[in-house]
Amino acid sequence: MIRRLLPAAAALALLAGCSDSPDPATPVGDPTPGTLRVLAGSELADLQPILEEAAEATGVTVKFSFTGTIEGADKVASGEAEKGFDAVWFSSNRYLELVPEAQKRLGTPTKVMSSPVVLGLPAEKVKELGWDTKRVGWAEIAAAAGAQKFTYGMTDPSASNSGFSALVGVAAALSGEGSALDAARINAVAPQLKQFFSAQKLSAGSSGWLTEAFQRRARGEDPGAEVDGLINYESVLLSSPQPLTLVYPSDGVVTADYPLTLLTSATSDAREAHQKLSDHLKSQDVQRKIMETTHRRPATPQVQLDAKFAVRDLVELPFPGSQSAVDGLITTYFDQLRRPSRTLYVLDTSGSMQGDRIDGLRQALTGLTGADESLAGRFSRFHGREQVTLLPFSSSAKPALKYEVPQDDPRPVLDQIRTTATNLDASGGTAIYSSLRGGYDVLRQQIDADPDRFTSIVLMTDGENTGSEDVLDFQLFHQALPQDLRGIPIFPVLFGESATAEMEQVAKMSGGKVFDARSRSLSAAFKEIRGYQ
Amino acid sequence: MKRTLGIGLAVVLLVGVVTAIVLGQGGDTAQLQTVRGVIGSEKLAFFADQRVKDVFAKHGLEVEVDPAGSRQIATTADLDSYDFAFPSSAPAAEKIQRDRKAARTYAPFSSPMVIATFDPIVDLLTKAGVVKSGPGYPTFDVQAYLGLVAQGTRWDQLPGNTSYPARKNLLVTTTDPRDSNSAAMYLAITSFVANGGVVTSADGEARVLPAVSRLFLDQGYTQSSTEGPFEDYLSAGMGKTPLVLAYEAQFVDRVVRGDSSIRPDMKLLYPAPTVLSKHTLVPLRAAGDRVGELLTSDAELGRLAATFGFRTADPRHFDDVVKDLAVPRTIVDVVEPPAHETLERMLEAIAKQY
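So the sequences go chain by chain: S and E.
Under our numbering, the first sequence has 45 at position 45, and the numbering climbs by one with no breaks.
In our numbering, each residue's number is its place in the second sequence (first place is 1) plus 1000.
Take these hints with a grain of salt, some might be off.
What the hints assert, rightly or not - No farther apart than 30 Å at their CA atoms in a straight line, the calculated lysine-lysine pairs in the DSS-like style are these:
hint, chain 1, residue 1, chain 2, residue 2
1, S, K201, S, K308
2, E, K1267, S, K308
3, S, K104, S, K63
4, S, K83, S, K63
5, S, K276, S, K63
6, S, K134, S, K194
7, S, K134, E, K1127
8, E, K1323, E, K1132
9, S, K104, E, K1352
Said to hold, decoys possible - The calculated label-pair distances, taken between Cβ atoms and stated as ranges, are:
hint, chain 1, residue 1, chain 2, residue 2, range
10, S, K289, E, S1261, 16 to 26 Å
11, S, P31, E, Q1033, 26 to 36 Å
12, E, D1099, S, D279, 34 to 44 Å
13, S, S268, E, Q1157, 48 to 58 Å
14, S, E53, E, Q1157, 46 to 56 Å
Hints listed in this document are in silico derivations from the structure and should not be mistaken for laboratory results.
Ideal Cβ positions, reconstructed from N, Cα and C, are used throughout, including at glycine.
Input sequences plus hints: build the corresponding full structure.
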């Protein structure tokens, strides 16, 4: 995935003319004839070679800017998308079309290809489960998951479409009535859903990172516990370097159909570009090439399905018909269904954080207590049952502030966190590593009392370590930790004058990931990290 | 077809016409009169066709069209800048005619609502008593279908079903009733059957709503343009859309094109009863009247319309096009849709339940 993403990012920069700091409102520039400015899901990055050929053949160049499904829906609904883009291209328009303000801004869609969301497991695991000789439905899969017969990784449904599709699919299938979901039906199948999600041991904000983390863990390059399989797009699973056997649930799947969709605000130039590009992408040769290189299914009926798609006719599960039903399902997932999270925030409140920076930190934390009312913001708040610990530090670690958000009435606790966040003050030095080390004492206690949680650490600092312990000391400490603590991913946030190389090192040793808040707000970075917690 | 496809943003199909006239026909552009129309989007390909433009040019006309949803044309569109409105259904045309006090209307072509499906589904539904051999063509018994839906029947509950044991409700895939003309036509059919006749009263509306609402609501998410589910039918096949509501013209158009997108196992069923989507032109000014007249009387335009799958005022055109195809010449069990206001009220009542 990394290999595929890098050239794509480079190509984007090249096509965009390498402007140093693009205007966030028009990240891919102003309208230009022969250019289609597209707000897209990041998984479309692998189409770059196809699009480069398309540019040669049609004279239409695509400029991508990537965002998540729900964040994208926010941007379309608010009208922000039409200021800088001609078209949107996500894995599906279903959610967008359920948001009335977004729906009315969508014009002609061209479905370019498709890929169902399915379960991938190693062949021996499939055999062990007895699923190699018969097809199984979601109910059997959920029962096996509940009995911990296998574990899997899945993306965050509010950040990434593959997780979202899996959630809708399993809920629709288990509801058993076969018709579209509503709140009552979701509640009726909550116990089974809980079983299913009890086997989810890895979460991520993007399909790409999920797959990488899965592979690193399988190769032992990452201290996190190994996970048996993945729920992801068929296309991603088929391109996995470790061969996985795909389990296509017999009662149905939810399929991404990648509609390249013009916005109604598009100029006639853009309209023409969209038409030309659509015709080109749907031509049989290009469809065949998409199928061969990206492992997605063709959208043009004349193109024969390749043999690698083991199951051809896939039953499509019904998708909810209203935004409230979908939002309810996602909220229920976070607050009730999935394994709860335990998140530790190690926060730099040293003197250099004074002014805008500490303000930014206060806002970022406050946003997670429900103050952020955007669609994406609502889902990224601290969830019901979540344990949140704030560990501010300067010259030394300050006392850890521990909270547990109740499932049913989260407001009072969220308000307490908000008050704590607003009262953070900046002064003193920057003892990063001794403070981080101290965080493990808190986690050890919490894990001993209640081990079955998604546990992670966010490390936010704006400068060089001034404490007596350095990164090497921390590395030695980390190596000596027992597996359950060593496997906790650390998500360092680059901010201000962060020591980038050290932060990378900390992320790598723990199987975490670095998030950059230097060219965007801390709030945006904290929100993105939610997908990995 | 999408209500949201703003007229102001719509494509203006002017360039092609001008080019053709300059290059070909020997006509004098100065003599061409520009006529502007707002049309249901299903006819966009027809008006964009060069051969169609050439015929109009021969008669001194250059027709510019903006596509829009038929319901939108009838209710929200500003019609002042147009010479004619050409929605895809009679109820929409009826409302425009009344609002604009138009002297007459033209119905140059029509297309019955059909259900496109696959051989294994035909077999299953024949056993279940929904598909019947019919008067020379296979029919889809709407009454029997409503019976299955009322019981919440899933595909895997059909006796002896080994070919499509899907654990989802047996439902025809339609478009969103809030957006699309074809969904409104489907409501016309199903409300007729549920009511035992055309719905004409508030009582009738209230009586049929529970049964017809779930035909839409139980599908959950539906797409807003009729092209969407039909394309899924063609590319994703039986798994995704075992039964899809379509205009007959969509299917015939594909067959005539001969692009092999229609495979041998794909079958067309005619709902019994069905309704015709009557593409009805309402002239708003004299120039628009001329377009209506030509579409109705000009043999070449009729022939061309038939190649796009439309049934024409002179049935010979359509018969010629389908003579080697398994498409019936005449559909016998056709009912009228309810009045525009009744249909709108029922659609709104359904929309409220989402």
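Checked hints:
1. K201(S) <-> K308(S): holds (28 Å)
2. K1267(E) <-> K308(S): Holds: K1267(E) and K308(S) sit about 28 Å apart, inside 30 Å.
3. K104(S) <-> K63(S): Given pair K104(S), K63(S) holds - Cα atoms ~23 Å apart, limit 30 Å.
4. K83(S) <-> K63(S): Distance ~15 Å between K83(S) and K63(S) Cα, so the pair holds.
5. K276(S) <-> K63(S): This hinted pair holds, its Cα atoms lying about 15 Å apart.
6. K134(S) <-> K194(S): holds (25 Å)
7. K134(S) <-> K1127(E): Answer holds: K134(S) to K1127(E) is near 27 Å, not above 30 Å.
8. K1323(E) <-> K1132(E): holds (23 Å)
9. K104(S) <-> K1352(E): holds (17 Å)
10. K289(S) <-> S1261(E): 16 to 26 Å: Holds, since K289(S) and S1261(E) (Cβ atoms, about 19 Å apart) stay within the stated range.
11. P31(S) <-> Q1033(E): 26 to 36 Å: holds (34 Å)
12. D1099(E) <-> D279(S): 34 to 44 Å: Given range 34 to 44 Å: holds, Cβ gap about 38 Å.
13. S268(S) <-> Q1157(E): 48 to 58 Å: Holds, since S268(S) and Q1157(E) (Cβ atoms, about 51 Å apart) stay within the stated range.
14. E53(S) <-> Q1157(E): 46 to 56 Å: holds (48 Å)
Violated hints are absent here; each numbered hint is respected by the structure.
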